[in-house]
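Asker: Please work from the sequences and hints to get the whole structure.
Residue numbers (the numbering used here): 1 to 384.
In short, the hints are calculated from the structure, not lab data. Model, not experiment: these values are computed from the prediction. Backbone N, C-alpha and C fix where the C-beta goes; we use that ideal spot for every residue, glycine too. It is possible that some hints are incorrect.
[To be verified] Per label pair, the in silico range of CB-to-CB distance:
1) M116 with E190: 48 to 54 Å
2) V25 with R154: 19 to 25 Å
3) K85 with V166: 20 to 26 Å
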Amino acid sequence: MVRRFQAVAVVAVLLVAAASSQAGVEVTPYGYVKLDASFDSALTNDGDFAYVVLPYAGGDEQSEFNMTAKQTRLGLKISGGGTDKVDLSGVVEFDFYGAGGENKSSPMLRKAYMVMKTEHADILAGQTSDVISPIVPTTLNYIVLWKSGDIGYRRPQIRLTKAIPVGGGSEMNVEVAATRSMGRDGGGGERVGTPGFQGRLSYGTEIGGRAATIGVSGLMAKEEATHADSMGIFEAELDQTVVAVDATIPLGDWVKLSGQYFTGKNLAQYLGGVGQGIAVVPSESSRTYELVEIEASGWWAQLTVKPDKKWQFNVGAGTDDPEIPEGDIAGNSYEKNTTYYGNVLWSVAPAAVIGAEYAMIETEYVGGETYEDSRVQLSFMYKF
1 MVRRFQAVAV VAVLLVAAAS SQAGVEVTPY GYVKLDASFD SALTNDGDFA YVVLPYAGGD
61 EQSEFNMTAK QTRLGLKISG GGTDKVDLSG VVEFDFYGAG GENKSSPMLR KAYMVMKTEH
121 ADILAGQTSD VISPIVPTTL NYIVLWKSGD IGYRRPQIRL TKAIPVGGGS EMNVEVAATR
181 SMGRDGGGGE RVGTPGFQGR LSYGTEIGGR AATIGVSGLM AKEEATHADS MGIFEAELDQ
241 TVVAVDATIP LGDWVKLSGQ YFTGKNLAQY LGGVGQGIAV VPSESSRTYE LVEIEASGWW
301 AQLTVKPDKK WQFNVGAGTD DPEIPEGDIA GNSYEKNTTY YGNVLWSVAP AAVIGAEYAM
361 IETEYVGGET YEDSRVQLSF MYKF
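Answerer: Here is the structure:
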């Protein structure tokens with residue numbers, strides 16, 4: 001009953017907001033209805049979408065079939081109410097990957113932010129995607145290669161962006177943000193007492209009349225974690241760092257190459273290291289164990305072919321390669337996770353898309369065992 005009330009309340013708020021206007025503010029609803037049907041040759045985590053392949057029970061694959069409408073998305077674009085010197089806009093966006101059963105799931109807040117554009121810089125305040133690794137591959141699988149080479153999620157932040165024209169239609173963009181560090185062990189990043197910091201420097205230009213961008217981004221943050229050994233409970237303050245490179249390069253009128261590479265440590269909050277950030281290993285000091293950051297690196301690349309307005313073809317791959325320290329007792333079990341995929345998107349009408357995707361996921365576990373899953377997914381989307 002509570003989840004149903006939440007869903008009705010979200011829809012009601014969106015409809016009321018879309019129908020109202022105050023102080024020159026315009027509200028435009030957007031989103032899509034999406035159905036995903038998928039078949040996996042092996043069990044995955046978590047079925048509706050696939051991060052990793054689970055170990056085969058008894059050494060045999062166990063196939064699964066899933067069908068969900070949870071990725072259905074509702075949003076509002078808001079603009080107006082500013083001045084001659086300050087342009088205001090904002091976004092509020094939900095999908096239905098919150099808690100709840102398959103046919104009665106709860107709304108999940110994806111984005112809620114405002115933007116103030118001035119002649120000096122743009123200020124964003126609210127919840128939106130990370131500054132680091134901003135581009136994502138085009139997959140029907142909801143998780144867009146997270147834990148398979150793509151990093152970055154969404155979190156509350158205050159961001160400054162400055163665009164600097166460099167001539168010839170090219171532009172440099174500088175972005176810096178103070179971000180919320182999410183919790184771990186009942187406190188985690190919140191207990192450090194400072195925000196995390198992210199930044200990105202990018203260069204945008206045109207190649208053959210098509211937009212091309214290359215960017216370098218970084219992260220510096222901390223979190224606290226606790227562990228209990230024979231000498232009692234102790235805390236450790238651990239670093240979260242990353243350096244990433246992203247690029248989008250047109251190869252012709254209807255062909256594009258895009259991808260990213262990252263290297264860093266303690267990236268579980270950012271969906272790197274196959275979701276593993278901290279290891280517990282034997283200590284060289286007086287304690288029995290100590291907490292250390294798990295180092296990880298990864299990449300993804302995608303080739304996109306769009307011959308006309310109706311068809312789009314994507315093929316790509318990505319891998320996430322954490323370095324699990326010897327002697328770890330924290331249960332970090334993933335040694336490497338790789339996904340290969342290809343899909344086709346068919347715009348059957350201006351507002352309707354049908355997509356089909358094949359993916360091969362390979363998950364290597366500590367100890368050398370590797371498990372594979374062949375995933376076939378069919379999606380229907382009605383955009384508005």
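Asker: Next step is simple, just say for each hint if it's right about the structure.
Answerer: Tested hints:
1. Between M116 and E190 the beta carbons are some 27 Å apart, a value that contradicts the proposed interval 48 to 54 Å.
2. Judged by the Cβ atoms, the range 19 to 25 Å given for V25 and R154 holds: they are separated by roughly 24 Å.
3. Between K85 and V166 the CB atoms are about 25 Å apart, so this pair conforms to the stated range of 20 to 26 Å.
Hint 1 from the earlier list is the only one contradicted by this structure; the remaining hints agree with it.
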